[in-house]
Structures are given as C-alpha cells and as structure tokens.
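Number of protein chains: 2
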Amino acid sequence: MSSDRWQTPAHEALRARPGFDLAGLDHDATPGWEGDRDQGEERMAERGEDLLALQEKLYAHGRTGGTRAVLLVLQGLDTAGKGGIVRHVVGMVDPQGVALRSFGVPTPEEREHDYLWRIRNALPRPGYLGVFDRSHYEDVLVVRVEEIVPPDVWGARYDEINAFEAEVAAAGTAIVKVALMVSPAEQALRLRERLERPDKHWKYNPGDLDVRARRPAYEEAYQAVLDRTSTDVAPWHVVPADRKWYARLAVTELLAHTLEGLDLAWPPADFDVAAELARLDAQG
Amino acid sequence: MSSDRWQTPAHEALRARPGFDLAGLDHDATPGWEGDRDQGEERMAERGEDLLALQEKLYAHGRTGGTRAVLLVLQGLDTAGKGGIVRHVVGMVDPQGVALRSFGVPTPEEREHDYLWRIRNALPRPGYLGVFDRSHYEDVLVVRVEEIVPPDVWGARYDEINAFEAEVAAAGTAIVKVALMVSPAEQALRLRERLERPDKHWKYNPGDLDVRARRPAYEEAYQAVLDRTSTDVAPWHVVPADRKWYARLAVTELLAHTLEGLDLAWPPADFDVAAELARLDAQG
Numbered sequence: 003m004s005s006d007r008w009q010t011p012a013h014e015a016l017r018a019r020p021g022f023d024l025a026g027l028d029h030d031a032t033p034g035w036e037g038d039r040d041q042g043e044e045r046m047a048e049r050g051e052d053l054l055a056l057q058e059k060l061y062a063h064g065r066t067g068g069t070r071a072v073l074l075v076l077q078g079l080d081t082a083g084k085g086g087i088v089r090h091v092v093g094m095v096d097p098q099g100v101a102l103r104s105f106g107v108p109t110p111e112e113r114e115h116d117y118l119w120r121i122r123n124a125l126p127r128p129g130y131l132g133v134f135d136r137s138h139y140e141d142v143l144v145v146r147v148e149e150i151v152p153p154d155v156w157g158a159r160y161d162e163i164n165a166f167e168a169e170v171a172a173a174g175t176a177i178v179k180v181a182l183m184v185s186p187a188e189q190a191l192r193l194r195e196r197l198e199r200p201d202k203h204w205k206y207n208p209g210d211l212d213v214r215a216r217r218p219a220y221e222e223a224y225q226a227v228l229d230r231t232s233t234d235v236a237p238w239h240v241v242p243a244d245r246k247w248y249a250r251l252a253v254t255e256l257l258a259h260t261l262e263g264l265d266l267a268w269p270p271a272d273f274d275v276a277a278e279l280a281r282l283d284a285q286g
Numbered sequence: 003m004s005s006d007r008w009q010t011p012a013h014e015a016l017r018a019r020p021g022f023d024l025a026g027l028d029h030d031a032t033p034g035w036e037g038d039r040d041q042g043e044e045r046m047a048e049r050g051e052d053l054l055a056l057q058e059k060l061y062a063h064g065r066t067g068g069t070r071a072v073l074l075v076l077q078g079l080d081t082a083g084k085g086g087i088v089r090h091v092v093g094m095v096d097p098q099g100v101a102l103r104s105f106g107v108p109t110p111e112e113r114e115h116d117y118l119w120r121i122r123n124a125l126p127r128p129g130y131l132g133v134f135d136r137s138h139y140e141d142v143l144v145v146r147v148e149e150i151v152p153p154d155v156w157g158a159r160y161d162e163i164n165a166f167e168a169e170v171a172a173a174g175t176a177i178v179k180v181a182l183m184v185s186p187a188e189q190a191l192r193l194r195e196r197l198e199r200p201d202k203h204w205k206y207n208p209g210d211l212d213v214r215a216r217r218p219a220y221e222e223a224y225q226a227v228l229d230r231t232s233t234d235v236a237p238w239h240v241v242p243a244d245r246k247w248y249a250r251l252a253v254t255e256l257l258a259h260t261l262e263g264l265d266l267a268w269p270p271a272d273f274d275v276a277a278e279l280a281r282l283d284a285q286g
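Taken in sequence, the protein lines are chains A and B.
Sequential numbering from 3 applies to the first sequence in our numbering.
Sequential numbering from 3 applies to the second sequence in our numbering.
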C-alpha cells in the first residue's frame, strides 16, 4: 500500500499565488499532508528512494549531452532549517550529482560585480541538482531591510530576477524556490538551544537577534518577494517550518515531483552493445 | 555491545608499506576484518554515525577560523567502485561539509598549466572533507601507460607529488589515499552488467576494454605509485574491492579514524552567552 497521504500535491498546496498573505501563515501547519509525523517520515524515506533514482537518471542525462538541470533555491530566516534540508533531503541523493553553494556576505571580488554575477557562476551544469543555501534573493531581503543599497536599486531587482530566472529556465534548468518560515516562538526556542548547548555555539551569531528584532521588516520584504517573483516558470513555495519533519517531507516531495516532470529516459548506448560484449568475451 | 570486528585496524591492515607487492593481492580478501557481510554493514552504519558527528565538528572548526581539513584521494581501475564509495560512504555525511571533485581528461585550460594546477585549485578549504575521484595520480598512471608525456617527465612527478602532499599536509589537511583494486574476473562481471542493463549503458565506455587489455601495464604503474608515494604524511591504503561491502566499510573506517586523529573540540563561543540569553529573553 502506498504511504502517500498528500491530499493536495505539495507543489499546489504550498505555491505562493497572487494574493498570498504571509502574515496569515500558520507556521505549525502541514498544508496538503493528511498524515502524522511517523507517516510523514515513512513517506519521506520512500520518496527519498525515488529521488535517488531520478537524480541518477538526471546525472546520466547530463553526462551524455543532455541540457536539463534542477536548481533548489532555499531561503528563510535564521533557524528556519535550511541546513537541515541540505543535510536530510539533499543528503539522500548521490553527492556526485549535487552542486551545493552557500551565499553569505559578498566577498570583495563578488562586490566588484553585479549581484547576479556570483549567482550565474554557481548555476548547476547539465545533469546536476544545484542547491543554493540563500541566493540572489538576499539582494532584495537583507539588502532591502538593512538599506545596503538605495530603494531604486533594490526596487529594480524584482524584474531583473524574473528575467534572469526565465533565461535560466529556458536553458533547461527547472527552478524550485522554497521559503522556509518559522514562527517567532519557534525561532526563539531554536536560538535558545544554540545558546544553551556548547556544541551549537558555533551556529550562533549575535546578529541573529538583531535580525529577529526587525522581523516585521523582513516579513514585509519576503511578502514583496512572493508578490513579485512567484512566476509561472519559477514559482515560490512557502513551507511552514515549525515542524521540521514536515518541511523536509515537503521539500523532498517538491524535488521528486520536479524531477519526474523532466520525464527523462536512460540515455541510449552510443556504442554497439553486441560488439562490446563480444570484445569482453574475447578478453576472458 | 560494540560491533567492532576489526582485528587489525584498517589503517594498519591496508597500508602500503615498503615491499608491498600488488601482484600478490587477494582482491576478494577482507584484511583486518573478522566479521561477515552483515556484521560489516552493521559496523559501517555505526561508524557512519560517528563520521557524521566528526565531520560536523570539522565543519564547525573551519567556520570558526580553524585550519584543518581532510582530503580523500580515490584511485582505482574502471569499475573498482569509486562511485560507490562517493555515494555510500561520502553520502553518509552532510553535503554542506563535502567538496567533491572528479578529475577527467584535462580541459584545454587545464592543459595550459602544470598538472598540479587543477589539483591545487580543488584542495578542500579548512573545515571541509574534500574528495578527489581520480587525482594527480592519473598523471603517473594513465599518462605513463599511454605515453602521453615522455618518461623523464612522468618520472620526475613522484618526487614532485610527495613534495606537494607534504606541503598540503603541513598546511593542516590530513590526506587519506585509497587505491581500490578489483580482480580481472570481477571487473569483467561489472563491465558485463553495464553492457547488459540499459540503465547502466551510460556508465560504459568502449575505452574501458582497451584499458583492461593493458592491465599488466597499469598494475606496473600502480606498483610504482605505491613504491614511491606511500609516505609517512600521506600513506597509500590498498583496498581489495571485489566485495563492495568491505571496500565501503574500510573507507568509512579510514575516514573516521583520520577525523578522530584530528582531535578537534567544539569551538568556544566568541560572544557572551549569558548576555545573549538575556537579550533573547528580553525579546520575548
């Protein structure tokens, strides 16, 4: 019996459509999923197997001249669980086919270029599952809230980003954008854990509390991102992330669904199979 | 009860010492391991947990100014199982802390530089587990056997490689060199599978049979590598690879042992923990 308890498919249940209101989000909800945690973990393991097989096919496709790739864009406030998605979801597939890139404060070299320069350089090559831990969206999130550039500059970026993503998608890369959203209360719990456990101190940054204090401004910036960049070729998925198991299950499902949508076949042999078998037999 | 059935530690049982004779290798053996396959898989899962925790500590170390890294160098003939090590061993740790690089035929840009140029560029940064799927050793293996450069050129490389690796080790990177060795019979079985299964055709290259036909020359080149580059700072481990479970168990153990040897601690907080807890409480 199938363990599938998605009553509404994840890519529909989570998609940010026009009029989506971030302020009304229930961070503890499990949109589309009608099962409990155990059932969610069972389903995630099952889909993880699918994902592994699908990603191998994508890799094979890329190794034989194919042009398709997948790009997972992960955004979220501190402690939203981006790292857990990388470890537990991306960690289910073959490292050989993964191209992971984290975007922090731009380096001096990066600052000499347009904000999309480092992003373009990190796009996955054909056959790869690219993962962006933060992304060009920081250039309309932290950069907007902290007033790092003037409003006319960040204000122009939404359209620039849409044009950029349309170009990337047209070149063959399926883009999966995920915004992980935790409640202020859950965020406080997770920050407290980082402060109380010495093995987690390295994950804590005093700046996290400054950001948390400006949460309304960040929510406003996220709302603008959802309003202006959830396009048909690259829609946003807003994932309530207070329940880690749900967030991981949802991203697994979004990735598996996207890879299935590529509808790839195993590449045909570009050599004479019978002749090669005969050569092998002759070698003994 | 511990599942540890290493009678001789892997790093001792597998180390290529002076006088090691590759021609005498039993490819089906399980050096040092006194258990069966089930016990091996159980132990591997257990050590995989250790490896995950150790690698997180290494990553934390790197994020807080530490200088240590680990580099796994994988060599082996076609079908020896390098890809399986990446998928099943490296796949057990957090993708965030892994820097994987495959080295194929040099690109035009790479050819304009010294053979170690692309290798230096791919060295893991502090905190990372770097993995080389093939490496600079191709420059004294395929390059030697296929006579791509004259003998005096490749002949000088053994000492160059030793000097290079000594420099890398001195800078803080622990180097784990693994040569996976399959028997000609097992290799034929694996190549046959790639030919008989359409979902494996993409892994097959007619050149693999040409290489297989020159196995004595490749073995001679591997023997020279073991004789001349199994140094104290970067010894070779020769892993019989006819039994995939053993090869994966052995590499898991070698990596876990190496990470344990770094003896890292969780980085101390570089902020006032009590003050931050007070700030968090004040935010509510």
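Any given hint could be a false lead.
Identical chains share a label here; the pair holds if one copy fits it or two copies do between them.
Under the rule of at most 30 Å between Cα atoms (straight-line distance), these lysine-lysine pairs were calculated in the BS3-like manner [as the list claims (entries may be wrong)]:
no.	residue 1	residue 2
1	K59	K202
2	K202	K246
3	K59	K205
4	K205	K246
Derived by calculation from the structure, the hints in this document are not laboratory data.
Structure-based check of all given hints:
1. K59 - K202: For K59 and K202, only the inter-copy Cα distance (10 Å) is at most 30 Å; the intra-copy one is 37 Å.
2. K202 - K246: within (18 Å within a copy, 36 Å between copies)
3. K59 - K205: Between copies only: 11 Å across, 35 Å inside.
4. K205 - K246: within (18 Å within a copy, 37 Å between copies)
No hint from the list above goes unmet by this structure.
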